[in-house]
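Asker: What follows is each chain in one-letter form.
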Amino acid sequence: MSIFLSLFKKELRTCFLSPIAYVVLFFFWVLTGLNFWWLLVQLADGESLTMATQQMFGGLICFSLLVIVPLITMRLFAEERKLGTLESLLTTPLTATELVLAKFAGALVFYLVLWLPVVAYTIIQQNLAPVEVHQFPDFGAIRAGVLGIMLVGGLYISIGLLMSSLTSNQIVAAISGFAVLCILFFAGLFMAYMASNPAARFFGQYVSTYAHLLDYSRGIVDSRSVVIYISYTVWFLFASVKVIESKRA
Amino acid sequence: MIKVSGVTKKYPGRLAVDHISFEVARGEIVGFLGPNGAGKTTTMRMLTGYLPMNSGRIEVAGYDVATQPKEVRRRIGYLPESCPLYPEMRVDEYLRFRAELKGVKPSARRAKINEVKEQCGLTEVGKRIIGQLSKGYRQRVGLADSLVHDPDLLVLDEPTVGLDPYQIRQVRELIKQLSEKHTILLCTHILPEVEAICERILIINEGKIVAADTEENLHRRLHACSIIEMEVKVDPAVATAKLGGMEGVDIRTANTLDGGWLWLELEADTSDMREELFNLAVTEGWALRELAEQEHSLEDTFVQITRNRESV
Chain A
106 MSIFLSLFKK ELRTCFLSPI AYVVLFFFWV LTGLNFWWLL VQLADGESLT MATQQMFGGL
166 ICFSLLVIVP LITMRLFAEE RKLGTLESLL TTPLTATELV LAKFAGALVF YLVLWLPVVA
226 YTIIQQNLAP VEVHQFPDFG AIRAGVLGIM LVGGLYISIG LLMSSLTSNQ IVAAISGFAV
286 LCILFFAGLF MAYMASNPAA RFFGQYVSTY AHLLDYSRGI VDSRSVVIYI SYTVWFLFAS
346 VKVIESKRA
Chain B
5 MIKVSGVTKK YPGRLAVDHI SFEVARGEIV GFLGPNGAGK TTTMRMLTGY LPMNSGRIEV
65 AGYDVATQPK EVRRRIGYLP ESCPLYPEMR VDEYLRFRAE LKGVKPSARR AKINEVKEQC
125 GLTEVGKRII GQLSKGYRQR VGLADSLVHD PDLLVLDEPT VGLDPYQIRQ VRELIKQLSE
185 KHTILLCTHI LPEVEAICER ILIINEGKIV AADTEENLHR RLHACSIIEM EVKVDPAVAT
245 AKLGGMEGVD IRTANTLDGG WLWLELEADT SDMREELFNL AVTEGWALRE LAEQEHSLED
305 TFVQITRNRE SV
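Residue numbers (the numbering used here), protein chains in the order written: chain A, 106 to 354; chain B, 5 to 316.
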C-alpha cells in the first residue's frame with residue numbers, strides 16, 4: 106500500500122509538472138465555459154430547465170474527451186519506456202499491478218480536476234434559479250452525471266493507458282488511443298441513433314458512451330451500463346499489467 | 005552471493021546468452037567484461053529480474069530470481085546502463101521516492117538519504133532539478149539511488165560511461181570505498197576500470213563465459229612466453245647471430261636507433277632470461293641501456309580471449 110501511495114503521489118506530481126497538463130486544462134475549461142455560456146443563453150431564451158444538466162455533462166463535451174483523455178494518458182508508460190525508468194522501477198520490489206493502478210489513479214484524479222468547473226457552474230445555476238422553481242438545479246441528476254463522467258473517464262483512461270504501455274513513443278500512444286476511442290464512440294453513436302436495423306439500434310444503445318452520458322445526466326443510472334464500464338475498465342487495466350509484465354526490452 | 009547456473013536467453017532470431025554459469029562470493033568485486041553486444045546487459049537484466057530467462061536458474065543471496073523476485077530486488081542495488089532518472093524531479097525528491105519504493109523504513113529514510121548523498125558528493129545539489137544537472141552528477145544520483153536501501157549486492161552497468169576523466173576517477177574511488185561493505189558486480193568494457201578496481205574478472209563473449217579468473221591468472225594462462233625489450237649498442241647483424249643462437253629466445257623485432265643503438269623485442273620462454281641476456285651483453289662487451297619485461301595489459305588479454313573465441 107505504501108508503495109502504491111508513493112507511486113501515486115509521484116504520478117500526480119509529474120502530471121502537474123508537465124506543460125501538457127496545463128494546455129489540456131486551459132482548452133477543456135474554455136470549452137466547458139463556452140458550453141455553459143451557451144446553456145445560459147438557451148435558458149434565457151426560455152428553454153426547458155430539465156436540459157440544463159444534460160448540457161453540462163453530455164452533448165459537445167463528450168466529443169472533446171476523445172482527444173483530451175489520450176493527451177492525458179499518452180505519457181504514462183511511453184515516457185517511462187523512453188527514459189528507461191521502467192527498468193529502474195521494475196527492478197525495485199514493486200509489482201506491475203501497483204504501478205498500473207497508481208498510474209490509472211493519478212490520471213483519473215487529473216481527469217476529475219478537468220471537471221472542477223462544473224462545481225462552479227452548479228453554484229451559479231443555483232443562484233440564478235427563479236424563486237418559484239425549487240427543483241433547480243437537479244442535484245440528483247448532477248450526482249448521476251458525475252458518476253457517468255467518472256465511469257466513462259475510467260474506461261477511456263484505461264484504454265489510453267493500455268495504448269501507452271505498448272509503445273515508447275508518446276505520439277503513437279496518443280494517436281492510437283484517440284483511434285480506439287473514436288471507433289468505440291462513433292460505432293456506438295451511429296448504431297444507436299442511425300442504424301436502420303432495429304437489432305443494431307438496440308445493441309448500439311447498450312454500448313454508446315454518448316447515449317449513456319445522456320442517460321446519466323438525466324438522472325438515470327442503469328446498472329447494466331455501470332457493470333459494462335467497470336468490467337471493461339478492469340479488463341483494460343489487466344491487459345496493461347500483462348503488457349508491462351511481458352514486454353520489457 | 006550470486007549463483008548463475010545454465011542460464012539461456014533467446015531473442016527472436018538471436019541467442020543473446022548461451023547457457024552461462026558463474027558464481028560471485030559475498031564481498032567480492034567482480035568485473036564483468038565483454039565486447040559490445042556480448043550479452044552483458046542482458047545478463048544484468050536477468051540477474052535483477054527485469055528480463056525473464058528462457059532456461060536456467062539464478063540465485064541472489066539464496067533467493068531464486070524467478071520465484072522470489074521481491075526478495076531478490078530488495079537485496080540488489082542496480083544502476084542500469086543509461087542511468088535512467090526523471091528529469092523533472094529534484095535530487096532529494098527522487099531519492100526519497102526511490103527509498104519509499106525500495107521499502108526503506110520511514111524513520112530511517114532521511115538519515116539514509118543524507119548518508120548516500122554525502123557518499124556520492126550530492127549534498128550541495130539536493131535541491132537542484134535532475135534535468136539541469138551535468139552528466140557526472142546524474143550518474144552519481146543513479147549511484148546514490150542504487151545504494152539507498154543498503155543492498156547486499158550492487159550491480160553497476162557501465163557506471164563511468166560518458167564521464168570526464170576527473171569524474172571517472174571519483175566514481176572509481178567511490179566504488180572502491182563501497183566494496184568494503186557490498187558485493188559488487190561491475191559491468192563494463194572499459195578495461196583500465198576493471199584493472200583498477202576488480203579482484204576477479206568474468207569475460208563474456210557472444211553469449212558465453214569465456215574466462216573467469218583473477219587478472220594475474222588470466223595473463224599467466226594466456227601468455228606462456230614473456231616479451232623482453234632490450235636496447236644495446238651493437239651491430240644488428242652481430243646481435244641477430246648471437247641472440248639467435250641462444251636457447252629459448254626469438255627475436256620479434258629489431259630497430260636501429262640513432263647513435264648506433266639497437267632496440268630489440270625478444271620472445272623468451274621465461275622472464276628469467278633477462279639475467280642470461282645481461283650476461284651475454286657483458287661477455288660480448290655490448291653497452292646496455294635497457295632491459296625490461298613487458299607488462300601484459302588486460303587489453304591484450306581481453307583481445308586475445310575474445311578473438312580466440314571468434315576463430316573457434
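These are calculated hints, taken from the structure and not from any lab test.
Just so you know, these numbers come straight off a predicted model, no measurement behind them.
Treat the hints with caution; some may be incorrect.
Here are a few chain A residues that sit away from chain B, every Cβ distance over 10 Å (derived from the structure) [claimed, not checked]: (1) L176; (2) G189; (3) F215; (4) L217; (5) I229; (6) R248; (7) K347.
What follows is a list of derived Cβ distance ranges for each label pair [said to hold, decoys possible]: (8) B:Q123 / A:A292: 54 to 62 Å; (9) A:A292 / B:G66: 29 to 37 Å; (10) A:S169 / B:A200: 58 to 66 Å; (11) A:V172 / B:D22: 27 to 35 Å; (12) B:E119 / A:K187: 26 to 34 Å; (13) B:L19 / A:V277: 51 to 59 Å; (14) A:K187 / B:P56: 21 to 29 Å.
All C-beta atoms in this analysis are idealised placements derived from N, C-alpha and C, irrespective of residue type, glycine included.
Asker: Hint by hint, say whether it matches the structure.
Answerer: How the hints compare with the structure:
1. L176: Correct as stated: the minimum Cβ-Cβ distance to chain B is 17 Å, above 10 Å.
2. G189: Given that some Cβ of chain B is not farther than 10 Å from that of G189 (chain A), nearest at about 3 Å, it is violated.
3. F215: F215 (chain A) is indeed farther than 10 Å from all Cβ atoms of chain B, at 15 Å.
4. L217: It holds; L217 (chain A) is separated from chain B by about 22 Å at its closest Cβ, greater than 10 Å.
5. I229: holds (36 Å)
6. R248: holds (36 Å)
7. K347: K347 (chain A) clear of chain B: closest Cβ-Cβ about 13 Å, beyond 10 Å.
8. B:Q123 / A:A292: 54 to 62 Å: holds (58 Å)
9. A:A292 / B:G66: 29 to 37 Å: violated (55 Å)
10. A:S169 / B:A200: 58 to 66 Å: For S169 (chain A) and A200 (chain B) the Cβ distance comes to about 60 Å; the hint holds.
11. A:V172 / B:D22: 27 to 35 Å: violated (49 Å)
12. B:E119 / A:K187: 26 to 34 Å: Once the Cβ atoms are compared, 32 Å apart, the range 26 to 34 Å for K187 (chain A) and E119 (chain B) holds.
13. B:L19 / A:V277: 51 to 59 Å: violated (30 Å)
14. A:K187 / B:P56: 21 to 29 Å: holds (22 Å)
The structure fails hints 2, 9, 11 and 13 (numbered hints given earlier, in ascending order).
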